[in-house]
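Chemist: Each protein sequence line maps, in turn, to chains X and Y.
Letter by letter, the first sequence follows residues 1 to 442 in the working numbering.
Letter by letter, the second sequence follows residues 1 to 442 in the working numbering.
Bear in mind the hints are in silico, worked out from the structure with no lab data behind them.
These numbers were taken from a predicted model, which means no experiment stands behind them.
One or more hints might be untrue.
Cross-link-like lysine-lysine pairs, in silico, DSSO-like; alpha carbons within 27 Å at most [unchecked claim]:
1) X:K376 x X:K394
2) Y:K112 x X:K376
3) Y:K112 x X:K394
4) Y:K394 x Y:K376
Protein chains: 2
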Amino acid sequence: MTGPSSPTASPTAVVVTIGDELLAGETVDTNKATLAAFATAHGFSVTAAHTLPDDLEAIARLLSDLIGRCRLCLVCGGLGPTSDDVTRHAVARACGRPLRRNPALVEDLEAKFARLGRSMPEANLVQADVPEGAEILANPIGTAAGFVVGDATTFAVLPGPPRELARMLHHELAPRMSALGGGPPRPTRRYRCLGFGESSLAARLEPRLPELEGLLESGGVRVRYRAAMPLVDVTFVLDARPSGEVLDAMDRIVAEALAPALYGIGMADLPTRVLAALRQHGHTLATAESCTGGRVAAQITAVPGASSVFAGGVVAYANRIKTALLGVSEEDLARHGAVSEQVARAMADGARACLRTDFAISTTGIAGPAGGSPEKPVGTVWVGIATPDGTDAKRLSLRGERQRIQHAAALWGLKLLWDRLVAMDLARVEVLDGQPAPAPPL
Amino acid sequence: MTGPSSPTASPTAVVVTIGDELLAGETVDTNKATLAAFATAHGFSVTAAHTLPDDLEAIARLLSDLIGRCRLCLVCGGLGPTSDDVTRHAVARACGRPLRRNPALVEDLEAKFARLGRSMPEANLVQADVPEGAEILANPIGTAAGFVVGDATTFAVLPGPPRELARMLHHELAPRMSALGGGPPRPTRRYRCLGFGESSLAARLEPRLPELEGLLESGGVRVRYRAAMPLVDVTFVLDARPSGEVLDAMDRIVAEALAPALYGIGMADLPTRVLAALRQHGHTLATAESCTGGRVAAQITAVPGASSVFAGGVVAYANRIKTALLGVSEEDLARHGAVSEQVARAMADGARACLRTDFAISTTGIAGPAGGSPEKPVGTVWVGIATPDGTDAKRLSLRGERQRIQHAAALWGLKLLWDRLVAMDLARVEVLDGQPAPAPPL
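Starting from the given sequences, assemble the full structure and let the hints guide the process.
Modeler: Structural data, given as structure tokens:
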């Protein structure tokens with residue numbers, strides 16, 4: 001529970017994004033996530049986000065209601081020079097502080113237009129108006145300055161263009177965050193799974209929660225499940241940073257509960273972990289894809305530095321390519337069909353041989369919507385894993401529409417290679433943080 | 001002004017999205033835009049959007065406050081089976097209707113798990129609970145049914161997974177929208193572009209707007225720009241369905257203004273159009289990818305029936321694969337570097353020869369973050385297009401992070417093939433509707 005009424009050590013923040021386009025569904029509101037991540041990273045608990053049209057009354061009413069109900073209110077958008085930009089007026093009204101023209105901002109605006117070789121349009125002058133007593137947040141890459149104002153609740157008012165917003169958060173607001181009540185973010189620990197759904201993982205974890213509560217000396221363990229199927233992340237949000245010993249014990253308990261779906265702890269994703277394990281042992285990787293059509297290779301090459309491990313792959317969509325490039329026998333294709341254990345194994349072997357790598361992943365299946373049969377319905381996918389110790393294949397039964405099946409099959413391909421690497425003692429479930437995290441993980 | 005207090009002909013709607021992850025900044029809330037677009041398309045004016053954590057008290061309080069203040073409230077997320085999914089409880093409390101277990105939903109859940117060959121976890125039973133008197137919205141592709149409930153304000157409560165949400169909106173809620181006070185969606189016409197940003201397209205269109213207004217006999221033409229770079233859709237929202245003649249004239253004017261970025265009219269996406277044009281002329285396609293690492297092939301194979309045109313491809317990530325499988329000469333690699341016009345052309349030629357197709361797309365570039373130089377900075381990508389009439393290559397300068405560059409380069413590869421097909425008279429910009437639209441296009 002993170003509601004404003006619940007007892008919590010974190011100061012609270014509310015995010016307000018403003019713009020007609022956000023409510024017509026024309027634009028995905030990435031600023032909301034940017035602002036929420038920023039506040040969270042600075043130790044705030046974000047209790048709500050609101051989006052309003054460019055409507056002076058509605059914005060002023062909401063902001064007035066928020067005063068005293070959160071420590072910080074991040075307001076974004078509607079600082080432009082046109083008549084539908086009303087955010088500064090709404091903040092002024094909510095705070096009961098009249099707008100004052102700031103002479104330094106007027107000069108700054110004139111200088112910006114002068115640098116562009118243009119005279120400043122009269123309309124832009126309003127961008128020098130801020131509520132009385134507000135502190136300015138400079139915007140060297142746009143005309144809309146931000147500002148900070150307020151008492152019981154501090155309003156940080158920021159421009160909507162994402163690049164200007166990001167710069168202002170980083171350079172102008174971040175240095176003020178501890179003065180605004182920010183602290184260190186709550187520690188989290190993320191367990192990464194592929195192989196079960198959210199509810200199955202929750203059912204596996206449930207019986208171990210009392211043990212974890214005892215370990216963490218906590219009145220309740222907060223667990224978040226986040227699924228982007230077939231991937232599910234299980235994240236523990238902790239009150240304080242536990243000792244290394246306690247973390248190790250926690251990892252052991254959770255790993256037991258979530259096995260065999262668990263492939264890692266921390267931010268690094270599945271392809272990053274697969275590549276790291278292979279790199280550590282000097283091994284190389286190739287792919288041979290039919291139904292996934294390049295998605296296994298795409299997942300792998302999304303990782304910076306993949307080239308030290310990944311040689312390349314063949315997208316063998318037509319059967320004649322399976323034969324010509326991967327050496328799959330026409331007899332196997334005719335006898336067992338392209339979607340078969342034999343062809344999956346032959347494709348993996350062929351990729352390993354043809355691309356001269358140590359390991360290879362192959363996929364062959366029926367992504368739909370057409371092509372299914374009673375024996376091999378849409379969603380039937382064979383994944384082959386070729387290794388220096390031999391080759392095997394596994395049948396998957398995936399559900400959903402074409403692109404979902406293709407995506408899931410590609411990730412399953414990586415997971416089955418991962419499982420094989422673990423069985424071969426070339427990889428193990430461990431803490432790996434390969435990507436920048438919104439809040440620093442443990 | 002679209003606030004609930006302002007006089008307006010449109011009924012009002014409010015969007016509420018729920019989930020801790022949305023307020024931790026971990027997830028960009030695309031559902032908010034989906035719901036706002038859906039309500040807008042059905043004639044509602046969306047007056048606000050709110051995002052709350054999985055907090056029973058906070059959600060119930062907000063929903064209670066909204067009763068009587070909007071005609072429709074679209075609530076999304078928190079319908080899962082775990083203890084942090086509290087949305088159904090909050091709606092029940094706000095409406096003053098107790099939750100009742102729905103026997104048909106219990107049966108439905110059991111059947112879904114049975115089809116998976118699993119017994120239903122006890123936890124999933126709560127997904128059969130809905131407020132008394134609620135009407136069920138079926139979810140054949142997930143376990144979370146939606147429901148509609150309420151009097152002065154109708155709450156439509158929907159699952160969070162985007163695919164399940166989209167399906168439920170289209171198949172379950174859309175047919176009920178006129179009973180809920182919605183009007184018919186406004187006709188739209190979508191022009192699909194790759195090659196310029198939003199503001200450049202707007203500047204190109206601006207001078208032609210008076211002409212379009214005259215044509216449509218409209219007081220003002222409403223144009224929406226929606227960018228998922230490098231793609232930009234330009235959508236006209238019309239008051240009434242124009243005659244075929246007027247539409248043709250409109251298409252001509254817009255095509256002139258948006259050329260050469262425009263590749264199509266209507267819902268069908270770029271790979272669908274490329275494949276349709278090739279299929280129509282009996283031509284086949286292959287790919288040879290370095291920096292895009294399989295993403296061109298993945299875009300192509302996302303289209304159902306791609307196999308009649310697409311033979312396959314080579315992901316030639318390591319230079320030795322470019323040589324061994326695609327026949328790129330070691331001399332070209334040594335003299336010009338892997339990221340060069342010569343190598344892009346040789347890769348495209350190699351794919352066309354090795355996979356025996358009529359056309360081929362190749363990519364080679366620097367996706368970053370490492371590997372850039374002053375002559376070839378990160379974002380430098382060469383795309384090769386091989387055709388029966390010869391081969392050419394084009395240099396792109398893309399911006400952003402690694403995965404954004406990879407994604408943009410893959411789509412540019414398809415666009416450059418498209419442009420070549422247009423130049424060869426094998427394709428033309430035309431109306432093609434290959435995918436279900438949120439609002440039926442003209």
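Chemist: Please list, smallest to largest, the hint numbers that this structure does not respect.
Modeler: none
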